[in-house]
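Just so you know, the sequences run in chain order A and B.
Take 1 as the starting number for the first sequence in the working numbering and just add one per residue.
Take 1001 as the starting number for the second sequence in the working numbering and just add one per residue.
Don't read these hints as lab results, they were simulated from the structure.
Since the structure is predicted, the reported quantities are computational estimates derived from the model, not experimental observations.
A couple of the hints might just be wrong.
[To be verified] Which chain A residues stay away from chain B? Per the calculated CB distances, all over 10 Å, these:
#1 Lys82
#2 Ala134
#3 Thr135
#4 Ala157
#5 Ala162
#6 Ala192
#7 Arg202
#8 Ala207
#9 Asn238
#10 Ile263
#11 Asp281
[Claimed, not checked] Cross-link-like lysine-lysine pairs, in silico, DSS-like; alpha carbons within 30 Å at most:
#12 Lys1145(B) - Lys1052(B)
#13 Lys307(A) - Lys1002(B)
#14 Lys280(A) - Lys1052(B)
#15 Lys1247(B) - Lys307(A)
#16 Lys1016(B) - Lys1231(B)
#17 Lys1227(B) - Lys219(A)
#18 Lys211(A) - Lys1052(B)
#19 Lys280(A) - Lys219(A)
#20 Lys1002(B) - Lys1152(B)
#21 Lys219(A) - Lys273(A)
#22 Lys1002(B) - Lys273(A)
[To be verified] Some chain B residues close to chain A (C-beta under 8 Å, calculated; not the full set):
#23 Val1026
#24 Ile1028
#25 Val1159
#26 Gly1161
Note that the Cβ used here is the ideal one computed from N, Cα and C, for glycine as well.
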Amino acid sequence: MTSLVIAEHDNQELKGATLNAVAAARQLGGDVHVLVLGSGAEAVAQAAAQAEGVAKVLHADAPQLADQLAENAAAEVLALAKDYSHIVFPATASGKNIAPRVAALLDVAQVSDIISVESPDTFQRPIYAGNAIATVQSADAVKVLTVRTTAFDPVAASGGSAAVEAVQAQADSGKSSFVGREVAKSDRPELAGARVVVSGGRGMGSAENFKLLDPLADKLGAALGASRAAVDAGYAPNDWQVGQTGKIVAPQLYVAVGISGAIQHLAGMKDSKVIVAINKDEEAPIFGVADYGLVGDLFQVVPELTKSL
Amino acid sequence: MKVLVPVKRVVDYNVKVRVKSDQTGVDIANVKMSMNPFDEIAVEEAVRLKEKGVVSEIIAMSAGVAQCQETLRTAMAIGADRGILVETGTELQPLAVAKLLKALVDKEQPQLVILGKQAIDDDANQTGQMLAALLGWPQATFASKLEIADGKATVTREVDGGLETVALTLPAVVTTDLRLNEPRYVTLPNIMKAKKKPLDNVKPEELGVDVEPRLKTLKVAEPPGRKAGIKVADVAALVDKLKNEAKVI
Chain A
1 MTSLVIAEHD NQELKGATLN AVAAARQLGG DVHVLVLGSG AEAVAQAAAQ AEGVAKVLHA
61 DAPQLADQLA ENAAAEVLAL AKDYSHIVFP ATASGKNIAP RVAALLDVAQ VSDIISVESP
121 DTFQRPIYAG NAIATVQSAD AVKVLTVRTT AFDPVAASGG SAAVEAVQAQ ADSGKSSFVG
181 REVAKSDRPE LAGARVVVSG GRGMGSAENF KLLDPLADKL GAALGASRAA VDAGYAPNDW
241 QVGQTGKIVA PQLYVAVGIS GAIQHLAGMK DSKVIVAINK DEEAPIFGVA DYGLVGDLFQ
301 VVPELTKSL
Chain B
1001 MKVLVPVKRV VDYNVKVRVK SDQTGVDIAN VKMSMNPFDE IAVEEAVRLK EKGVVSEIIA
1061 MSAGVAQCQE TLRTAMAIGA DRGILVETGT ELQPLAVAKL LKALVDKEQP QLVILGKQAI
1121 DDDANQTGQM LAALLGWPQA TFASKLEIAD GKATVTREVD GGLETVALTL PAVVTTDLRL
1181 NEPRYVTLPN IMKAKKKPLD NVKPEELGVD VEPRLKTLKV AEPPGRKAGI KVADVAALVD
1241 KLKNEAKVI
């Protein structure tokens, strides 16, 4: 029994989500191999080889693999799948895009967003925005899984010494092509893996007011997040969205500012270690999950908090 | 060109679901059911493409129990031209739905399938990608912008950290994200008109698809609860708690 973890990276850097996925794969019991699909991604393959508990790294390098196009990535995974009992993706935008393609071509079910490994064929996963937890069992020969990264502590990034083996790249599908990318440049930590997250909701009132959170996030070394209501209102970009339909986060400290606490938002942050809520409505549902609630006007509280840190 | 829009009947997003006491699932008896919100965005996008003259016919499809007809009528009230219900009482998992869709695509020959990125009940986020794989078509998931021209779909996608744009050779599968559009309100005259639109009924067997579930649900439980903490009086008290009690700053 061996698992294949598909690495998350940008051809230069191995992303932390890979280490969470490796941690989940180790709980399956067998050896763990990591597959790096990319172009000029040698440094990524080397980084993967150093991750704790990785027995082997497979590295397919070709121009058509540069942008993680689902068609090409799935074909590559499929070519290797026969040697594996489990194929494991982090449940990132990229993992979610590719994994079901692999599962369908193998004619197996996929288990999405697992939060625990009960046994090699039984897993827990949240449904209904985390309002229920299903325990599901797969009878398929190969299990295709995506892993909710916040549910598994990452393995150490160093200490391992796996061999890196080059594997042949499959031909370009020719059906899709990469046009461009607009990645918001930011010095802040990545939202999904940040130690501290400061999020704003509709209570922020405007995109201009949202900037009030910048100095607070700077002081805390935090990533910025937003509720769906704030994103819908145009106060914050969509990739900041925390919730059922956005990102799932579980930082050490989550500061919810002007967020009422809709079910779909709570689904994305209720596993945070410590939750602070700042809201002028003392009846807001967010206080029902917050460790520390402060009822007050955020336009006074936030600057004051920033100053006192 | 034809477009196929699959729509799922789910528990309305405003309903807080309860886990059944015997832990076999969530209780959906007597709760409000609606179209999956992401699928509503998919129907709206198809209708806008038709209004632009890019699309000639919109076929809505739903799979499940007889009441999915209501979901199809909603799709037709938004602007779909006709509906197909694949009727079955069997629990449908994403792979089975993707196979049903493939059978319908083979029959109807649409150039585009637009559907929600995930359903808000099982939160699986699989069906579109699986369908694309089974058809050997390209895919663009999590779309926030879609343009069709010269046999290509140019799609802007919501990805971690920003946006990315891909070009797909049609036919293709596109799954919708929230910002793609804001679905219109359904008007009464359109609801009346939708009642007269054609709605076909087929069974999975007639499409030659085995829909037996592959995953067995052993148990559905309440998530571990999180208790409300305390309210602090002011910023100083908050900072004190974070420093000395929670020790997170």
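Going through the hints against the structure:
For Lys82(A), the condition that its CB be more than 10 Å from all CB atoms of chain B holds, with the nearest at approximately 17 Å. Under the 10 Å C-beta cut-off, the non-interface status given to Ala134(A) relative to chain B is violated; the minimum distance is some 5 Å. Listed as a non-interface residue, Thr135(A) fails to keep its Cβ farther than 10 Å from every Cβ of chain B; the least gap is roughly 4 Å. For Ala157(A), the requirement that its beta carbon stay farther than 10 Å from each beta carbon of chain B is met, with the minimum near 19 Å.
No Cβ of chain B comes within 10 Å of the Cβ of Ala162(A); the nearest lies about 26 Å off, and the non-interface call holds. Against chain B, the non-interface label of Ala192(A) is violated: not every CB pair exceeds 10 Å, the least being about 7 Å. Every CB of chain B lies more than 10 Å from the CB of Arg202(A), the least distance being 15 Å, so the non-interface label holds. Every beta carbon of chain B lies more than 10 Å from that of Ala207(A), the smallest distance being close to 15 Å; the non-interface claim holds.
A beta-carbon of chain B comes within 10 Å of the beta-carbon of Asn238(A); the shortest separation is about 6 Å. Not every CB of chain B lies more than 10 Å from the CB of Ile263(A), the least distance being 6 Å, so the non-interface label is violated. For Asp281(A), the requirement that its beta carbon stay farther than 10 Å from each beta carbon of chain B is met, with the minimum near 12 Å. Proposed proximity of Lys1145(B) and Lys1052(B) is supported: the alpha carbons are some 15 Å apart, at most 30 Å.
Taking the CA atoms of Lys307(A) and Lys1002(B), the gap is near 59 Å; set against the 30 Å cutoff, the hint is violated. Restraint check for Lys280(A) and Lys1052(B): not satisfied, since their Cα atoms lie roughly 45 Å apart, outside the 30 Å limit. The hinted pair formed by Lys1247(B) and Lys307(A) meets the criterion: a straight-line CA distance of about 19 Å does not exceed 30 Å. Using a Cα cut-off of 30 Å, the hinted pair Lys1016(B) and Lys1231(B) holds, with the two alpha carbons roughly 25 Å apart.
Distance restraint check for Lys1227(B) and Lys219(A): the Cα-Cα separation of roughly 28 Å lies within the 30 Å cut-off, and the hinted pair is therefore satisfied. Simply put, Lys211(A) and Lys1052(B) have alpha-carbon atoms about 38 Å apart, too far for the 30 Å limit, and the pair is violated. Between the alpha carbons of Lys280(A) and Lys219(A) the distance comes to roughly 23 Å, so the proposed pair stays at or under 30 Å and holds. Proposed proximity of Lys1002(B) and Lys1152(B) is supported: the alpha carbons are some 14 Å apart, at most 30 Å.
Distance restraint check for Lys219(A) and Lys273(A): the Cα-Cα separation of roughly 19 Å lies within the 30 Å cut-off, and the hinted pair is therefore satisfied. The straight-line distance between the Cα atoms of Lys1002(B) and Lys273(A) is roughly 49 Å, outside the 30 Å bound, and the hint therefore fails. The interface hint given for Val1026(B) holds, since its Cβ lies 5 Å from the closest Cβ of chain A, which is under the 8 Å cut-off. Hint status for Ile1028(B): violated, given a least beta-carbon distance of 10 Å to chain A, over 8 Å.
Annotation: interface hint on Val1159(B) holds; nearest CB of chain A at approximately 4 Å, less than 8 Å. Restraint check, Gly1161(B) versus chain A: the minimum CB separation of about 5 Å is within 8 Å; hint holds.
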